[in-house]
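Number of protein chains: 2
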Amino acid sequence: MDNINQKALEMHRKNRGKIEVKGKVPIENKDDLSLAYTPGVGHVSSEIGKNKELARELTLKGNSVAIVSDGSAILGLGNLGAEAAIPVMEGKAALFKRFADIDAFPICLSTQDAEEIIKTVKNIAPVFGGVNLEDISAPRCFEIERRLREELPIPVMHDDQHGTAVVVLAGVINSMKLAGLEKEKAKIVVSGAGAAGTAVAKIMLDYGFKDIVVLDSKGIINKERGDLSPDKKYLSETTNPRGISGGLAGAVKGADIFIGVSKPGILTGDMVRAMNARPVIFALANPVPEIMPDIAKEAGAFIVATGRSDFPNQVNNVLSFPGIFRGALDNGIKQFDDKMFIVAAEKLAAFVKNPSVDKILPSVFEKGVTEAVAAAIKD
Amino acid sequence: MDNINQKALEMHRKNRGKIEVKGKVPIENKDDLSLAYTPGVGHVSSEIGKNKELARELTLKGNSVAIVSDGSAILGLGNLGAEAAIPVMEGKAALFKRFADIDAFPICLSTQDAEEIIKTVKNIAPVFGGVNLEDISAPRCFEIERRLREELPIPVMHDDQHGTAVVVLAGVINSMKLAGLEKEKAKIVVSGAGAAGTAVAKIMLDYGFKDIVVLDSKGIINKERGDLSPDKKYLSETTNPRGISGGLAGAVKGADIFIGVSKPGILTGDMVRAMNARPVIFALANPVPEIMPDIAKEAGAFIVATGRSDFPNQVNNVLSFPGIFRGALDNGIKQFDDKMFIVAAEKLAAFVKNPSVDKILPSVFEKGVTEAVAAAIKD
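Chains as they are written, first to last, in the working numbering: chain A, 783 to 1161; chain B, 783 to 1161.
Hints are not guaranteed to be accurate.
Any copy will do: because identical chains look the same in the list, a pair fits if it lies in one copy or spans two.
Keeping only pairs whose Cα atoms sit at most 25 angstroms apart, straight-line, the calculated BS3-like set for lysine-lysine is [said to hold, decoys possible]:
#, residue 1, residue 2
1, K1005, K879
2, K1160, K904
3, K1005, K992
4, K1045, K1079
5, K879, K804
6, K834, K959
7, K806, K879
8, K834, K806
9, K796, K879
10, K1121, K965
It should be emphasised that the hints constitute simulated quantities derived from the structure, not laboratory data.
Please read all numbers here as calculations on a predicted model, not as lab measurements.
When you get a sec, could you build the whole thing from the sequences and use the hints?
This is the structure in structure tokens:
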């Protein structure tokens, strides 16, 4: 890890970042200039002035995404601020290009006020075909995404929520086939009720799971809890049908699927042993998961997925966000709809032709993943 | 012109714009991913979190410029709005890359409120190393630039003002040599008191010209005028030492240099004939100048410059803005200072080794222009 850190620092220093903005038309003589810039560009502007929808055909807007962060929840590192968010957003822009040929640009905000963020994103929206919100802490991320979806004419998605939820659901769909589970009967535990946990719980509900129990840092979320933010309150009303309370050990007892988007090491071998037959474990805290795969396996886990690339079954948003935005841009959707994310998860799951306990998801470099997911994002 | 318009439209449609955002590090396997993205990027973020100045060394911030417009004054076309501004700003981004290897990105704003623009630019500033304001109408452009220069820790320049002023002053410096004029005695007329005209008048004052007369659409600006915005009021107090009033014909009578950044065809042959010996004419209205070069020459003009590439002496901001921002980024200046623009004009003028009446400025494709101008922009 020290080695990777040092190498990463050197690579960033040597290249001064990871993306560049390049011209894609020649500018080598006066004729080129007269088409790419004045006077020719004036006619293009006039045409768009008459019909602003033409911007999608005549400018980068047809293929551009703003990657917006306020630096309040950078990876697992916390609130490090706008400048510290740049390397992550720049990396994300590089991934957008690499996996979906999308021209994405990092927008790192010096404000963490929700209203101010909403206003700023609306003000800069004209040049973009979509908005990817990233690393914005809960619960502000929910309100910011909801409002921007309502108020902007371009699709807006908080990747930490839906990008993660799509990949988790895809992995769960294949895991259920392998473990012989049915969504009407399976018992699910979601540990963590931040951006990812909340979105995972919601997509599982929408998909048709009936018995989901969600925990935050204070324990199981239920109707008796008086300390809940609006989104947790929603979870208290829609999950936990058995009305249980307490901590993680009680929650996982007899459960079929554990999904952790919380903290390193909180799931013990004994807890796995207390789960139902063929326990399915998604231990997604990164870089140190809720339980290490070898310990989970030893305790009887049937399938283990993590966020890491050095174990089988990596849950990586790179499997979802490039295709989601590729589809949004190509299919000209006005706004995302949560149902699209379920279809995206189904397409991603179906992309794995022969799922096995060590292969519930495609690897990020498999060709065709982006296209498979993109096909789901249409009106 | 119809032909260029049609060709420009086709070129924009075929390419869907003129810039793209490309990765500049390989992402071909898990090792690449672990350096460009997680987990390696986390260490880079942590380091910047501890010292945000490192963003200039480790991210695109060291080489990036925001091209900000609200679409209120697009070329000579007027207030066409944010979407219509995109082709111009995208073209500008392509020019930044082509002429200065700068990674510039178009930010086209859906607001035209000065306070809102200031706030938005401040909110998105962290990822940028500089801000190029563009095609924002006067008088808001003055206040917006002034405030952003005061309140942002990165250099901010309104190109329609200073980019133009630098090239005009460079052309004037070489014209004076050829015409045998002295700045203490020369009589200058500036027609137009928008962004460009105001900046041209100010740089000429700063350079040491004593007798400058500025006109807006209502005539000569003087102390008697009661209808002046703050910036025009400043001009009324600092220009027009002879206290003249009236229109263009009176203003140019006996003048040495005419600088038009105003309207097509307003300077007549008779007006040129009424100027001093060896009249120098900068007729920069675009695409149709204040006077066509052949008419001006026929009336005795010694030097004629226009904004067009199909006549000699093209006054083109491409001669200035790439070098100005290249210098700003390379030399790590905190903010522009108007004196830097004078030095830039002097360097640009000196770049022309043997000025002649048909060559007072370099052509935009001459190698070394950017570097020459960049050398001027340092503390």
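Taking the hints in turn, this is what the structure says about them:
1. K1005 <-> K879: neither (44 angstroms within a copy, 57 angstroms between copies)
2. K1160 <-> K904: Classified as within; 23 angstroms inside a copy, 36 angstroms across copies.
3. K1005 <-> K992: within (16 angstroms within a copy, 79 angstroms between copies)
4. K1045 <-> K1079: This pair counts as within: shortest intra-copy Cα distance 19 angstroms, inter-copy 79 angstroms.
5. K879 <-> K804: both (13 angstroms within a copy, 6 angstroms between copies)
6. K834 <-> K959: Answer is neither; intra-copy 48 angstroms and inter-copy 48 angstroms both fail.
7. K806 <-> K879: This pair counts as both: shortest intra-copy Cα distance 14 angstroms, inter-copy 10 angstroms.
8. K834 <-> K806: For K834 and K806, the Cα distance is within 25 angstroms only inside one copy (22 angstroms; across copies 32 angstroms).
9. K796 <-> K879: The answer is both: 21 angstroms in one copy and 19 angstroms across copies each meet 25 angstroms.
10. K1121 <-> K965: Classified as within; 17 angstroms inside a copy, 71 angstroms across copies.
Checked against the numbered hints above, the structure breaks hints 1, 6 and satisfies the rest.
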